[in-house]
Amino acid sequence: MNHIALLLENQPGALSRVIGLFSQRGYNIDSLSVAPTQDETLSRLTMTIGDEGADINQILKQLYKLVDVVMVQNLSEADSLTLELAIIKLKKSKTEVESLINPFSLEKEILDDKDNYTVFKVLGNTEVIEELLSSLKEEKFLEVTRSGTLGMTKGDESLATNDQTTISYK
Amino acid sequence: MTSGGEALIKALADENVDIIFGYPGGAALHIYDAIYTQNSVQHILVRHEQAATHAADGFARATGKPGVCLVTSGPGATNAITGIATAYMDSIPLIVISGQVANHLIGTDAFQETDMMGISRPIVKHSFLVQKAEDIPIIVKKAFHIATSGRPGPVVIDVPKNLTDPNEKFEYKYPSDLYLRSFALYDEAESNEVKQAVKLLTEAERPVIYAGGGAINSNAAKEIYEFGKLMGCPVTNTLMGLGVYPASDEQFVGMLGMHGTYEANMVMHEADLIMAIGARFDDRITNNPNKFGLQAKKIHIDSDPSSIDKIIDVDLAMTGNAKKVISQINTELKATNFDNKKFADWMNKAKKWRSEHGLNHNMLNQKSESDIILPQQVIQSAYKATDGKAFITSDVGQHQMFAAQYYHFNEPRKWINSGGLGTMGFGLPAAMGVKFAFPDETVACITGEGSIQMCIQELSTCTQYGLPIKIINLNNRALGMVKQWQDMQYGGRYSSILYEDSLPDFVKLAESFGHVGMKVEKLSELEAAMEECFSLKDKLVFLDVYVDPDEHVYPMLKAGGDMSEMFLSKTEKTFK
Ligand SMILES: Cc1ncc(C[n+]2csc(CCOP(=O)(O)OP(=O)(O)O)c2C)c(N)n1
Ligand SMILES: [Mg+2]
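Residue numbers (this note's numbering), protein chains in the order written: chain Y, 2 to 171; chain H, 492 to 1067.
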């Protein structure tokens, strides 16, 4: 697993250039999350890319080559943390759900239990979320939505935009 | 006050554009009206949008300046796609302006609407959809900067019709600065890299300089020549790099790769140091990458970091502008105490390979009983008639490879062909672009009867603008390159490569457009015809040369093999 953080110009078509690059070059994206940042001209993406057949350095270089990509960072190579949110619905009572999810070291919260369907959220490590989901595989009713992994480096390292380039002409 | 349409043309003029190639239509009408009312930018009306892109591309390749074309929305835009992809694959700076339906109609399947941003996305360096008319000047400025800097490439500007409306005016000001966040450009190499390169170069026993299209793009010919002389070692050029090192120089071992010379491929195979300059180790060069240059250390100079370590891992990567990096290396080389006599034996070995199986450049003199013309003889005759000084454009097929092998290019930007995409139909419109750029120079298109028919309609454009191009048609009555593969790999099963007597009479065809048509079938008549063709200075001449239909292009690398494994003729090969 490689987690890549990326700052992207908030321009029409910019996201499709990033996604297009992956299909065009035969790379697979396992998960992707996108949202605006505190600077409204920029979006921030976190992408998860499997190890199979992917030359991660080549991917980073190709991404950085896109004019709309302002900055790329391989979180997996840095001292970083990652986090994922999942919302899950089961046809079970609140107490049944609580006992099912208790063993997993995730942050959990029951959000709703209308008509004996319980909706809850879990927050934590992607691998642990996947363990939880595989333990629920046999459930007759299961609905899941996940945020995809989000990530950030620790300490003073950051995905900044300090290298603004101005090109002046005579 | 200007309208968006006027601003677009003004911005082109401010970028010193004096010629654009295009074809009008509904979504581009306001722009065409703006063209009509000024005279700093000349518009050339082609006969098909593909030709507009190739002509602008040919102009760019010959001059080093960006080529510009203008098409309408929908079918105009889709017709331009092949030309955009052609420029993209060869890293050619091209600005493609496409009309688009009005803003409020986008997404409604309006008449002649097509998602140009989406369709062109994988084959552009960048693209812009204009959202406000006032943005047109800055977008044009960015487009030119992006297209021409670093590794060049095509940029599309998609302009909705309402934003060029003559009734909506704003104040025009061409920006003097532009801001691009984090648009990295690589210029000089680090000094420790230069030292390391010189160490590798001087410690090598069998170095080779392998230069490609990137060396031409960065105008590095002078520096590479000096470097070659300092090194005294063999130099080879890729199909895209021909001319960046003079072909008549004794250190030049010819083109390498799929149809490269025996000596160039042997040198690459036996080298202990490969110095790649603006070349990208593509599959037509390396043959099997797992068997490529196993004895060699590799240095790679490229303006695009993603080209480095993409196919072949290198020992020293130098991201930068080839012209500047080579001149840094030259300075450092001159400061070291190193004698290139060290490489004399190695250079002699390359010459020995050449004398054993090199190309025969004297085929014109070998008179034959049958009087059948060999395609190689046509190229040699064209070389002789033009004194080796012409701009040569080409199409794709055997004729292209013969032209690359037998016309000796001594200067960069004189050999103009679609190497990366391999686009049949490129040759004639590209020649038009070159002729517009250099009206006083000889421009010839070496083509095949298959390729020329893909953009033959441009003979009409040549009539309208009086373009005296020379078209040398190596007519083998077949899609020769496909036929060669069918001969070599499919037991001679000729699937869909013959025309069954449907070929036009090219002489009459040329004449119908007001050009001169000539046909030659006998070797004994070839040279006189060629002389006449090039002596008709102000006429387009279509020289239809019937050549031996059974000739193959050799050498040819064995599929999946290493670079020393070649077919040398129909009966000889270097491997068991
Ligand atoms: C647009 C396009 N379609 C198909 C091809 C595949 N192709 C490569 S060479 C060739 C034959 C070219 O025939 P001709 O122009 O007569 O040249 P020759 O090889 O006979 O010299 C073909 C079909 C191509 N390169 N470009
Ligand atoms: Mg042919």
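Don't take each hint at face value.
[Stated by the list, open to error] Interface residues of chain Y toward chain H, partial, derived using beta-carbon atoms under 7 Å:
1. 25
2. 29
3. 68
[As the list claims (entries may be wrong)] Calculated from the model, a selection of chain Y residues having no Cβ within reach of chain H, i.e. all distances over 10 Å:
4. 17
5. 21
6. 53
7. 79
8. 113
It is worth saying that the hints were derived from the structure and are not from the lab.
Backbone N, C-alpha and C define an ideal beta-carbon position, used for all residues, glycine too.
Verification of the supplied hints:
1. 25: 5 Å, holds
2. 29: Hint on residue 29/Y: violated, closest Cβ of chain H at ~17 Å, above 7 Å.
3. 68: Given a least distance of 4 Å, the restraint on residue 68/Y holds.
4. 17: 7 Å, violated
5. 21: At roughly 5 Å from the nearest Cβ of chain H, residue 21/Y sits no farther out than 10 Å, so the non-interface label is violated.
6. 53: Label holds. Min Cβ-Cβ 18 Å, cutoff 10 Å.
7. 79: 18 Å, holds
8. 113: 36 Å, holds
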